[in-house]
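A.B. asks: Each chain, letter by letter, is given below.
Protein chains: 2
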Amino acid sequence: MKFTVSKTRLYSALSVVSRAVSANSPIPALSGIKIDAEDDRLILTGSNSDISIRINVRTDGDNDPDIQEKGSIVIDSKYLTDIVRKMDAEKIDVEIIDGTLTRFAGNKAEFKINGFRSSEYPEIDFSVPGVSINMNAGKLASILESTAFAASVKETRPVLTGVNLNSRNGRVIATATDSFRLARTVFEGTDADFSITVPSRSLNEAKAIFSDTSKDLLIHLDTKKIQFTTDDVILQSRLLDGSYPETERLIPHEFKHELVIDKRSLIGTIDRASLMKNENMTVIRMQMKEGTDVMISNRAQEIGEFNEPVPAVSYHGAPLDISFAANYAMDALRAVDSPNVLIRFTGEMKPLIITNEAGEESILQLILPIRTYN
Amino acid sequence: MKFTVSKTRLYSALSVVSRAVSANSPIPALSGIKIDAEDDRLILTGSNSDISIRINVRTDGDNDPDIQEKGSIVIDSKYLTDIVRKMDAEKIDVEIIDGTLTRFAGNKAEFKINGFRSSEYPEIDFSVPGVSINMNAGKLASILESTAFAASVKETRPVLTGVNLNSRNGRVIATATDSFRLARTVFEGTDADFSITVPSRSLNEAKAIFSDTSKDLLIHLDTKKIQFTTDDVILQSRLLDGSYPETERLIPHEFKHELVIDKRSLIGTIDRASLMKNENMTVIRMQMKEGTDVMISNRAQEIGEFNEPVPAVSYHGAPLDISFAANYAMDALRAVDSPNVLIRFTGEMKPLIITNEAGEESILQLILPIRTYN
Numbered sequence: 001m002k003f004t005v006s007k008t009r010l011y012s013a014l015s016v017v018s019r020a021v022s023a024n025s026p027i028p029a030l031s032g033i034k035i036d037a038e039d040d041r042l043i044l045t046g047s048n049s050d051i052s053i054r055i056n057v058r059t060d061g062d063n064d065p066d067i068q069e070k071g072s073i074v075i076d077s078k079y080l081t082d083i084v085r086k087m088d089a090e091k092i093d094v095e096i097i098d099g100t101l102t103r104f105a106g107n108k109a110e111f112k113i114n115g116f117r118s119s120e121y122p123e124i125d126f127s128v129p130g131v132s133i134n135m136n137a138g139k140l141a142s143i144l145e146s147t148a149f150a151a152s153v154k155e156t157r158p159v160l161t162g163v164n165l166n167s168r169n170g171r172v173i174a175t176a177t178d179s180f181r182l183a184r185t186v187f188e189g190t191d192a193d194f195s196i197t198v199p200s201r202s203l204n205e206a207k208a209i210f211s212d213t214s215k216d217l218l219i220h221l222d223t224k225k226i227q228f229t230t231d232d233v234i235l236q237s238r239l240l241d242g243s244y245p246e247t248e249r250l251i252p253h254e255f256k257h258e259l260v261i262d263k264r265s266l267i268g269t270i271d272r273a274s275l276m277k278n279e280n281m282t283v284i285r286m287q288m289k290e291g292t293d294v295m296i297s298n299r300a301q302e303i304g305e306f307n308e309p310v311p312a313v314s315y316h317g318a319p320l321d322i323s324f325a326a327n328y329a330m331d332a333l334r335a336v337d338s339p340n341v342l343i344r345f346t347g348e349m350k351p352l353i354i355t356n357e358a359g360e361e362s363i364l365q366l367i368l369p370i371r372t373y374n
Numbered sequence: 001m002k003f004t005v006s007k008t009r010l011y012s013a014l015s016v017v018s019r020a021v022s023a024n025s026p027i028p029a030l031s032g033i034k035i036d037a038e039d040d041r042l043i044l045t046g047s048n049s050d051i052s053i054r055i056n057v058r059t060d061g062d063n064d065p066d067i068q069e070k071g072s073i074v075i076d077s078k079y080l081t082d083i084v085r086k087m088d089a090e091k092i093d094v095e096i097i098d099g100t101l102t103r104f105a106g107n108k109a110e111f112k113i114n115g116f117r118s119s120e121y122p123e124i125d126f127s128v129p130g131v132s133i134n135m136n137a138g139k140l141a142s143i144l145e146s147t148a149f150a151a152s153v154k155e156t157r158p159v160l161t162g163v164n165l166n167s168r169n170g171r172v173i174a175t176a177t178d179s180f181r182l183a184r185t186v187f188e189g190t191d192a193d194f195s196i197t198v199p200s201r202s203l204n205e206a207k208a209i210f211s212d213t214s215k216d217l218l219i220h221l222d223t224k225k226i227q228f229t230t231d232d233v234i235l236q237s238r239l240l241d242g243s244y245p246e247t248e249r250l251i252p253h254e255f256k257h258e259l260v261i262d263k264r265s266l267i268g269t270i271d272r273a274s275l276m277k278n279e280n281m282t283v284i285r286m287q288m289k290e291g292t293d294v295m296i297s298n299r300a301q302e303i304g305e306f307n308e309p310v311p312a313v314s315y316h317g318a319p320l321d322i323s324f325a326a327n328y329a330m331d332a333l334r335a336v337d338s339p340n341v342l343i344r345f346t347g348e349m350k351p352l353i354i355t356n357e358a359g360e361e362s363i364l365q366l367i368l369p370i371r372t373y374n
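Going line by line, the protein sequences match chains A and B. For the first sequence, position 264 matches number 264 in our numbering, and the numbering has no gaps at all. For the second sequence, position 221 matches number 221 in our numbering, and the numbering has no gaps at all.
Be aware that a few hints might be false.
Identical chains blur together in the list; that is why a pair holds if it fits in one copy or across any two.
What the hints assert, rightly or not - Derived lysine-lysine pairs resembling DSSO-like cross-links, with alpha carbons at most 27 Å apart:
#1 Lys277 to Lys108
#2 Lys289 to Lys108
#3 Lys86 to Lys108
#4 Lys225 to Lys215
#5 Lys263 to Lys91
#6 Lys263 to Lys7
#7 Lys108 to Lys263
#8 Lys91 to Lys112
#9 Lys277 to Lys2
#10 Lys277 to Lys7
#11 Lys277 to Lys350
No wet-lab data here; the hints were simulated from the structure.
Only chain A is shown next, with the shape it has when bound in the complex:
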């Protein structure tokens, strides 16, 4: 294997591929990045078994990369990325010089690194699954921003650590829940029906890697895996096993209290209220009555208390006194993309629903209240 490649093209590909690599893999070769030099391209592959990334670096009109001899090697991801980053050269020469000993040279600096044979690297199946969805990267990012945060961070019910994508009649419902709150986004998708659950971490990697929100992505999926692809990049993730809970029935559709309020003011007040912490969780209290400001308060044993009135745009219903986790409320409010939000309640211990002011459920946030003894 022997080739010359521009530092910038190699480095930008490595910085993406290396995101899939975890330093402490039970399979030693998986701590590396696989480099395949083919006739007209380099193929870089990184994987941690759950997530795999493959990038083509195709030979361009300036003959970059210039492949002088085909071949394949696996080089430790951390060393490889650091070496290329710190090379003070426009072009980097790469060559297997003896067995797995590989030379990286640029300007006058020369690294000789012991790699792994490609035969030690697991075969990763990048075959394309059957169902396809076209999606703009910006759209993917906004779907994730309004759902993925609500997934569970605890491994007790693994399926809750992902985002469920449920497709029926051309509509996809993306749902995340940790069983104390739920976030849901609905978008136009594909005619195929499916229900799959994608690990949140994979989705966040997809968002990070396809950060150019103007780009169009092609998503491919089946019951085993999902792929996010552009022309030269494939991010592939396994899916979470287990059936996702039926969340539809948890969402109330009749309400007794309706509040419209300025989102930024409410977030600012809850943020201040969160300073008074009881143990790890901050529970804040919200008191509402027709014709008055909404009162946000919080009391922390031995530390002190907080009170702030926030003007309501409108409130309809009997007086209500309800408490909930401050961080859940802030996450949910931030996820709704409108200056005023509509918050609907059915009672002190019933889920509350946050949507945009018009009550559209394309982005819907649900939070369970917390019982307190004020």
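Put chain B on the given structure of chain A with help from the hints.
C.D. replies: This is chain B only, laid out in the frame that chain A set:
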């Protein structure tokens, strides 16, 4: 106690004073900031016993702060700083409302926080020690940047965790060493003779707090403490006990090999060489010979090797093959403020000295080589 103060003035004072406070103090009140409201000023005090900071916030022409009632209270530093930062108000009203319960209000938000009585706060002696030195803040920063990094981070010999200031005949020598390397800066000071050792952490705090490098500072010191002061800010630190080692005799004055080399190129090469790590420390090898480039190399068992020639501006002496810690070399090179550096050697296992190209010892860096078996 009752006063109104602008958020920005209070916050900027708190963000400085809070630097001296450590969250886990054996004296509970020391986790707080003491607020004294006097006729014409607020006085804020923070301390962790080793370092103490006091700031005057004087009433200005706009009657800010407006002291309505004198008094004193101690409020937890973390809460106080966060509350003031998150207040969405230009002015903040502060008032003791019941015993130690203190009200902070701004716009419509209201915090009531339980504080400590001022009587529980230790008396801190801010009396001014006898010896004075005038110094520009920028000068202080540059003295510290070329010395403080070389102090020890291990507590086995506490006196080595500080920077020694030794004043004789109007010249102050600032020295830091961890016994494997030494950094020294000489500057014009005062007629008084002294030798004190200031904790590195205190010096770094002084540098951070007096970050406006155009300002003039007044430094006061005696054998017990040192103060860095401007009109309204005092940073005071205790000194380290124990006699500082006689470092003068460690510095060689006759040399057998002299290398002049471009500093940035050498740092770049050593930085690349450091990628090949053996355990925690990276030892690099430097080979010199008249009329050839300097060869920097590094070999890490099982990982690989690195080689890069760096052109010398000049080299005089017999061929030399010497090894040293890469990070020590980079620290020392960065501390010398000239494009070319002069590195002088007396032998493979003797200290090497780095200065500017002219060999001026106002900034001098010493490194002990490391024995290797290449």
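A.B. asks: Of the numbered hints stated earlier in the document, which are not met by this structure?
C.D. replies: Checked against the structure, no hint fails, so every one of them is satisfied.
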